[in-house]
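Q: One letter stands for each residue in the lines below.
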Amino acid sequence: MSEAATSSAARLPVPLSPVPALACRALAVGYGAHTVLEGVSLNLAAGSWTAIVGPNGSGKSTLLRALAGLSPRLAGTVSLQGRDLASWSRRERARRLAWLAQSSGATDLTASEVVGLGRFAHSGWLAHRKSEDDMAMRRAMLATGSLPWAARRLSTLSGGERQRVYLARVLAVEAPVLLLDEPTTHLDPPHQEDIARLLRSQAQLCGVCVLSAIHELSLALTADRLIVLGFNGLIGHGTIREALDGDWLSTAFRTRVNIVEHAGVYLWRPALEMPPRD
Amino acid sequence: MSAPPALVGLGLPDVEPRVSSRLLLWLAACLAITMLLTGASLVVGTSSIETSLGWLLTPDAQSSVILWQIRLPRTVGAWFAGALLGLAGAIAQGVFRNRLADPYLLGTASGAALGVTISLLAADASIAGLEWAGKIGITGAACIGACAAIALTIMLSRGALQTASLLLAGIVVAFLLSAVTSLLLLTKPEIWRTMQGFLLGSTGYLSWSSALLLGIVFSICIVPAALLARGLDALSLGEDTAQSLGLSLPMLRLALLGILSLATATAVGQVGIVGFVGLVAPHLVRETVSVNHRQLLIGAPLCGGALLQAADLVSRWIIRPAELPVGAVTACVGGAYLVFLLWRRSRDE
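Sequence lines, in order, name chains Y and U. End of the first sequence = 277 in numbering that gives the first Met the number 0, gap-free, step of one. End of the second sequence = 348 in numbering that gives the first Met the number 0, gap-free, step of one.
Calculated from the structure, these hints are not laboratory results. Beta carbons are placed, not taken as given, at the ideal position from N, Cα and C, and that holds for glycine. Check before you lean on any hint, since a few could be wrong.
Said to hold, decoys possible - Now the in silico label distances, taken between C-beta atoms and shown as ranges:
#1 U:L24 - Y:Y30: 43 to 53 angstroms
#2 Y:S40 - U:A178: 33 to 43 angstroms
#3 Y:P54 - U:R157: 35 to 45 angstroms
#4 U:A178 - Y:P147: 52 to 62 angstroms
#5 U:S345 - Y:R89: 17 to 27 angstroms
#6 Y:R268 - U:G158: 50 to 60 angstroms
#7 Y:R89 - U:R192: 52 to 62 angstroms
#8 U:L24 - Y:W267: 52 to 62 angstroms
#9 Y:R268 - U:G257: 58 to 68 angstroms
#10 U:R157 - Y:R24: 24 to 34 angstroms
#11 U:A178 - Y:G31: 31 to 41 angstroms
#12 U:G158 - Y:A85: 47 to 57 angstroms
#13 U:I126 - Y:W124: 28 to 38 angstroms
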């Protein structure tokens, strides 16, 4: 495939492509001798938002990092748009797959400089930005509501504001595959909702394959699909309905997880009584 | 691609990086200070001749030599040496993602000291050794020693794959080479005095040829460093994030360490082990203007150059007609500055 053809495919992914945007086969990941996950096979389609849920230490971040090609795989393969992850050149891969770390430190850079780094794979070392890079940055900052701080230093922003700048950095790549590790950390509930809406629109309107680890169960249940990880590996990958019918969450957390349906949304209900009222 | 109409002409804060007026002011101030220091170092010296403006304007033959062949190359050389150390310090702090990193972190200083010790011992031991040592000189020996130390560090850390192992290897190499130097000095205590001048750092031996060498190396280093600055920006978001952006971390690290090594080894070769300039110069830039790495990599050399010029000036003025080692001055001033930073941080918390 020529370079022109692949790059136009990167910008306009076809939602109903028969090739999964991101897939892995018999994936095993871990650190040294310690295996965190093994035998994981997944197909992630373009145009859908998948949430990864599971207890702490079940390997949500490790799985995301392995899919992003950041931590060494012990076994198995990962393929991006039908091609082995390792066969993409570094730049080409970075244009197609954007990854958001769980927490990034504060830096002396301004918000727009950070978001501009998201265009690195497009504009390169000299940072010679074309108007198309500028537009991508603006769109990303508008979508995350971080445009008002464009000229502010990251070290002067609050944790939540910073997180939205980092999110804008990931969106500015305009990659067909987004891997996000806890994108809603440090955000207050209304802003978590904004992010969830943003991820859904990225999937549905832009045809992006979005995969995010999410801690908030109620928020995760607004995704299109769910990957549930337990202490012993993958419990299931399917639609929300399948996950609830199979009670995957209770299996994963090894305790009764109550999900109630209310006004068209699924909510996690803590098994706690209200405090006594007087 | 035409822009969606809703996004055009909103007058939103621009996403273009702009050079702030504060940064321009800062640059102007830095250059003015450098000019002032250069002028001052022409009229201040250890020789007994007049240090007045009138003398400067109508020099006789002897003072003209002092002016053009001793004082000017010395201050120019000091500027470039300080600039190289400032640049190396800024790179080290970026690569190690640590504000306390300095150019000597990779064992450069100990390597240079060992190189000088070996060359002095060789000169002492035999005629052939003397010839050999005379050919490469103290500066050459220091430079070779520094380069060897960095090569050893990078080898020990298996090609700088990880910052932590690189840091550890640098510490190991520094201790190892210092131990060897001390052992060698034990066998020949007489060369200790000669060594001391080098270990404390001195701008006294700078000639036009060394100033030229420092200037050439500085121009060789600053261009690739500024080009790689965006990589340091990415690195400041975390190593994984930098990698996910499409950067090759080992390549970036090796390239930056190459520049750092060249800069440090050259500076150490010409002025000895001058401490604190590389550590303090990037700090001073960050304290006065907030910058990205490209601005930092240009600002830190300007700051470092002015710092070493000022230290040089103080070293030959404060106990006239004798001279202090310039390294002692930078250590005092740099140490005091770091204590001030520490005090301010504890006050702010």
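Q: Confirm or reject each hint.
A: Hint-by-hint comparison with the structure:
{"no.": "1", "hint": "U:L24 - Y:Y30: 43 to 53 angstroms", "result": "49 angstroms, holds"}
{"no.": "2", "hint": "Y:S40 - U:A178: 33 to 43 angstroms", "result": "55 angstroms, violated"}
{"no.": "3", "hint": "Y:P54 - U:R157: 35 to 45 angstroms", "result": "36 angstroms, holds"}
{"no.": "4", "hint": "U:A178 - Y:P147: 52 to 62 angstroms", "result": "57 angstroms, holds"}
{"no.": "5", "hint": "U:S345 - Y:R89: 17 to 27 angstroms", "result": "43 angstroms, violated"}
{"no.": "6", "hint": "Y:R268 - U:G158: 50 to 60 angstroms", "result": "54 angstroms, holds"}
{"no.": "7", "hint": "Y:R89 - U:R192: 52 to 62 angstroms", "result": "54 angstroms, holds"}
{"no.": "8", "hint": "U:L24 - Y:W267: 52 to 62 angstroms", "result": "55 angstroms, holds"}
{"no.": "9", "hint": "Y:R268 - U:G257: 58 to 68 angstroms", "result": "59 angstroms, holds"}
{"no.": "10", "hint": "U:R157 - Y:R24: 24 to 34 angstroms", "result": "31 angstroms, holds"}
{"no.": "11", "hint": "U:A178 - Y:G31: 31 to 41 angstroms", "result": "33 angstroms, holds"}
{"no.": "12", "hint": "U:G158 - Y:A85: 47 to 57 angstroms", "result": "20 angstroms, violated"}
{"no.": "13", "hint": "U:I126 - Y:W124: 28 to 38 angstroms", "result": "52 angstroms, violated"}
In this structure, the earlier hints numbered 2, 5, 12, 13 are contradicted, and the remaining ones agree with it.
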